[in-house]
Amino acid sequence: MADILLEGRDLKKYYPIRKGILQRTVGWVKAVDGVSFTIERGKTLSLVGESGAGKTTVAKQVLLLEKPTSGTILCEGNDIQQFSQSQLKMNYRPKVQAVQQNPWSSMNPRMRVRDIIAEPLVVNTKQSKQQVRSRVQELIEQVGLMADSAERYPHEFSGGQRQRIAVARALALNPSLVVLDEPVSALDVSIRAQIMNLLKDLQAQYNLSYMVIAHNLATVRYMSHSVAIMYLGQIVEYGEEEELFKHPLHPYTRALMSASLLTLPEDEDKGIKKIILSGEMPSPLDPPPGCRFHTRCPEARAECSQTAPPLRSVGSSHKVACIRA
Amino acid sequence: MSKVILKVEDLRTSFFTRKGEVKAVDGVSFYVREGETFGIVGESGCGKTVTGLSILRLLPEPGGQIVGGKIIMDGTNLLELDKKEMRAYRGKVISMILQDPMSSLNPVYPIGDQIAEAVRLHQGLRDEMVQQEVISALRLLQIPTPEVILGDYPFQLSGGMRQRVVGAIAMSCHPRLLIADEPTTALDATIQAQYIALFKDVQKKTNVSIIFITHDFGVVANMCHRVAVMYAGKIVETASTSTIFKSPRHPYTSALIKSVPRLDRKDKRLYSIKGQPPSLLDLPPGCRFFPRCPMAKNVCREQEPPEVEVGDGHSVSCWGVK
Numbered sequence: 037m038a039d040i041l042l043e044g045r046d047l048k049k050y051y052p053i054r055k056g057i058l059q060r061t062v063g064w065v066k067a068v069d070g071v072s073f074t075i076e077r078g079k080t081l082s083l084v085g086e087s088g089a090g091k092t093t094v095a096k097q098v099l100l101l102e103k104p105t106s107g108t109i110l111c112e113g114n115d116i117q118q119f120s121q122s123q124l125k126m127n128y129r130p131k132v133q134a135v136q137q138n139p140w141s142s143m144n145p146r147m148r149v150r151d152i153i154a155e156p157l158v159v160n161t162k163q164s165k166q167q168v169r170s171r172v173q174e175l176i177e178q179v180g181l182m183a184d185s186a187e188r189y190p191h192e193f194s195g196g197q198r199q200r201i202a203v204a205r206a207l208a209l210n211p212s213l214v215v216l217d218e219p220v221s222a223l224d225v226s227i228r229a230q231i232m233n234l235l236k237d238l239q240a241q242y243n244l245s246y247m248v249i250a251h252n253l254a255t256v257r258y259m260s261h262s263v264a265i266m267y268l269g270q271i272v273e274y275g276e277e278e279e280l281f282k283h284p285l286h287p288y289t290r291a292l293m294s295a296s297l298l299t300l301p302e303d304e305d306k307g308i309k310k311i312i313l314s315g316e317m318p319s320p321l322d323p324p325p326g327c328r329f330h331t332r333c334p335e336a337r338a339e340c341s342q343t344a345p346p347l348r349s350v351g352s353s354h355k356v357a358c359i360r361a
Numbered sequence: 003m004s005k006v007i008l009k010v011e012d013l014r015t016s017f018f019t020r021k022g023e024v025k026a027v028d029g030v031s032f033y034v035r036e037g038e039t040f041g042i043v044g045e046s047g048c049g050k051t052v053t054g055l056s057i058l059r060l061l062p063e064p065g066g067q068i069v070g071g072k073i074i075m076d077g078t079n080l081l082e083l084d085k086k087e088m089r090a091y092r093g094k095v096i097s098m099i100l101q102d103p104m105s106s107l108n109p110v111y112p113i114g115d116q117i118a119e120a121v122r123l124h125q126g127l128r129d130e131m132v133q134q135e136v137i138s139a140l141r142l143l144q145i146p147t148p149e150v151i152l153g154d155y156p157f158q159l160s161g162g163m164r165q166r167v168v169g170a171i172a173m174s175c176h177p178r179l180l181i182a183d184e185p186t187t188a189l190d191a192t193i194q195a196q197y198i199a200l201f202k203d204v205q206k207k208t209n210v211s212i213i214f215i216t217h218d219f220g221v222v223a224n225m226c227h228r229v230a231v232m233y234a235g236k237i238v239e240t241a242s243t244s245t246i247f248k249s250p251r252h253p254y255t256s257a258l259i260k261s262v263p264r265l266d267r268k269d270k271r272l273y274s275i276k277g278q279p280p281s282l283l284d285l286p287p288g289c290r291f292f293p294r295c296p297m298a299k300n301v302c303r304e305q306e307p308p309e310v311e312v313g314d315g316h317s318v319s320c321w322g323v324k
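Which chain is which? The protein sequence lines are A and B, in order.
Residues 37 to 361 (the numbering used here) are what the first sequence spells out, left to right.
Residues 3 to 324 (the numbering used here) are what the second sequence spells out, left to right.
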């Protein structure tokens, strides 16, 4: 039996659009529209999609930065909406930590690294100064920073090192789950591999679960155990890494993979063609009827514009929302 | 083989700062043929953007200066032109696309006017003719209903569409060389694929040469015919795209390619290059990559490696290459 740490059930987030002096609600932006997922202990789930797909909104819901319009989040089987504020503070927030995309804006430039990493400890625990200090030093070494980093300021570090500081801060409270929002996309190519390897090492060492938000499929393949492909607020394909990358079923997944696959000029001569989607993702303000992808789908049929295909199982661990699959 | 239209020889560009001279580009040489796409790939701070800006002489003043070398476009050394002569080249013979379309378009003018500005300045056409040129530029970039979109402001367009408008401005005066600096970085994956396919099509139709500046090896593979890899202000390796990917000779090139995760297989563990690029203010003597190089020898520490030709159009600067 899989050890499920966190589960999202039919999560929705609608933002109202208000107009006029009375600020009446005239419509809704359906940023997330019925997303369900499970994260096992010690495993990584990646949410993949283009900007506007709703992946960051899902992550914000998990981090309690956005309240779901409907749907439930279960942590170790308990519905967190039933938790009181103090229960959340004791039992949920310390367990779920985050690393942001941009290490240049996720840290206060006027705080020393020591204080940045110590902040979660000071806020959430009653440890003595001595305990905090030794924990910070331990974290600094775990993420591969120089021992003398504690007294320095963020501007003295490069992007990769700053991302290490952010990881140390996220680990301070011994979380079970770390939400990684585009953890390497702001970094240089030669530094990305260092951070990805560090994250994988830490995962193995502490049995951490990760929720990775990313747009780069190759990065996702390297990091993940399971993957959810999102389009316009919904999951269109969900499965274990190997199954999904070897047998992608949804036309959108295939197009994304084709777009990120490395093809050399001679591959093209051999007839390996990229799938180029026409158009752009429609606005979540007014999503198309039926399958939301049908406006760009190279394989769309008449019925695709009428009924929305449900996300259905096509194997033990593989789900897809497409009538053709 | 088509003829060489741009030749850059031993280009040196420095920024003079309070902390000293920053040699952003330090002896870079390459050429671009007619109708080909030449990629310049490297990490931030390697000098790829400054190389592009130097060709157009658009360095930020004061501070940025070309201190040596030649940039020869069709037999004319651009560095010997006066300001007025240079203006006739910019946007007309050589044009440029920047990374972020939101900051390269003027938010308070309709996009039609912004394309017309370039056409009017360089081609001296009358109003109706200008309009025609503008529409044909938008058509070239496959913008649907160009007549309608002329009056739109940049904020009304999506990111992909804005980047096409920037492309239309760049192509509006039928340039011979286009310098594209990370034009796809701000775009989503599927839109990026569209944009690259579009530019290949534009190139086929106009035979324009493109210098494609990027940090993304995937884009290089899809777009470029030949590639130069830059590290800390120097080109370390130049070769055809397939040679770079299949038999890279410089340790930096091969390490970079190995450290990018692959889509077509799951890696157990990624290869990672230790350390980080050196500060341009405090460069190591000898080879600039030696502090991070897995194959560094004593000579690497002391002397800069010369550029060696190892194959047809394949040159490498490394002591380890014979």
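These are calculated hints, taken from the structure and not from any lab test.
Please note that the accuracy of each hint is not assured.
Here are the simulated DSS-like cross-link-like pairs (lysine-lysine), alpha carbons at most 27 Å apart as the crow flies [stated by the list, open to error]:
#, chain 1, residue 1, chain 2, residue 2
1, A, 306, B, 207
2, B, 248, A, 310
3, B, 260, A, 309
4, B, 206, A, 309
5, B, 276, A, 236
6, B, 206, A, 306
7, A, 131, A, 162
8, B, 248, A, 309
9, A, 236, B, 268
10, B, 248, A, 306
11, A, 282, B, 270
12, B, 202, A, 309
13, A, 310, B, 276
14, B, 207, A, 309
15, B, 207, A, 282
16, A, 236, B, 25
17, B, 202, A, 310
18, A, 309, B, 276
19, A, 282, B, 206
20, A, 306, B, 276
21, B, 260, A, 236
Hints, one by one, checked against the model:
no.: 1; hint: A:306 / B:207; in the structure: holds, 22 Å
no.: 2; hint: B:248 / A:310; in the structure: holds, 20 Å
no.: 3; hint: B:260 / A:309; in the structure: holds, 24 Å
no.: 4; hint: B:206 / A:309; in the structure: holds, 17 Å
no.: 5; hint: B:276 / A:236; in the structure: holds, 17 Å
no.: 6; hint: B:206 / A:306; in the structure: holds, 19 Å
no.: 7; hint: A:131 / A:162; in the structure: holds, 16 Å
no.: 8; hint: B:248 / A:309; in the structure: holds, 20 Å
no.: 9; hint: A:236 / B:268; in the structure: holds, 14 Å
no.: 10; hint: B:248 / A:306; in the structure: holds, 17 Å
no.: 11; hint: A:282 / B:270; in the structure: holds, 17 Å
no.: 12; hint: B:202 / A:309; in the structure: holds, 14 Å
no.: 13; hint: A:310 / B:276; in the structure: violated, 34 Å
no.: 14; hint: B:207 / A:309; in the structure: holds, 20 Å
no.: 15; hint: B:207 / A:282; in the structure: violated, 37 Å
no.: 16; hint: A:236 / B:25; in the structure: violated, 37 Å
no.: 17; hint: B:202 / A:310; in the structure: holds, 13 Å
no.: 18; hint: A:309 / B:276; in the structure: violated, 36 Å
no.: 19; hint: A:282 / B:206; in the structure: violated, 34 Å
no.: 20; hint: A:306 / B:276; in the structure: violated, 37 Å
no.: 21; hint: B:260 / A:236; in the structure: holds, 18 Å
The structure is inconsistent with the numbered hints 13, 15, 16, 18, 19, 20, although it conforms to all the rest.
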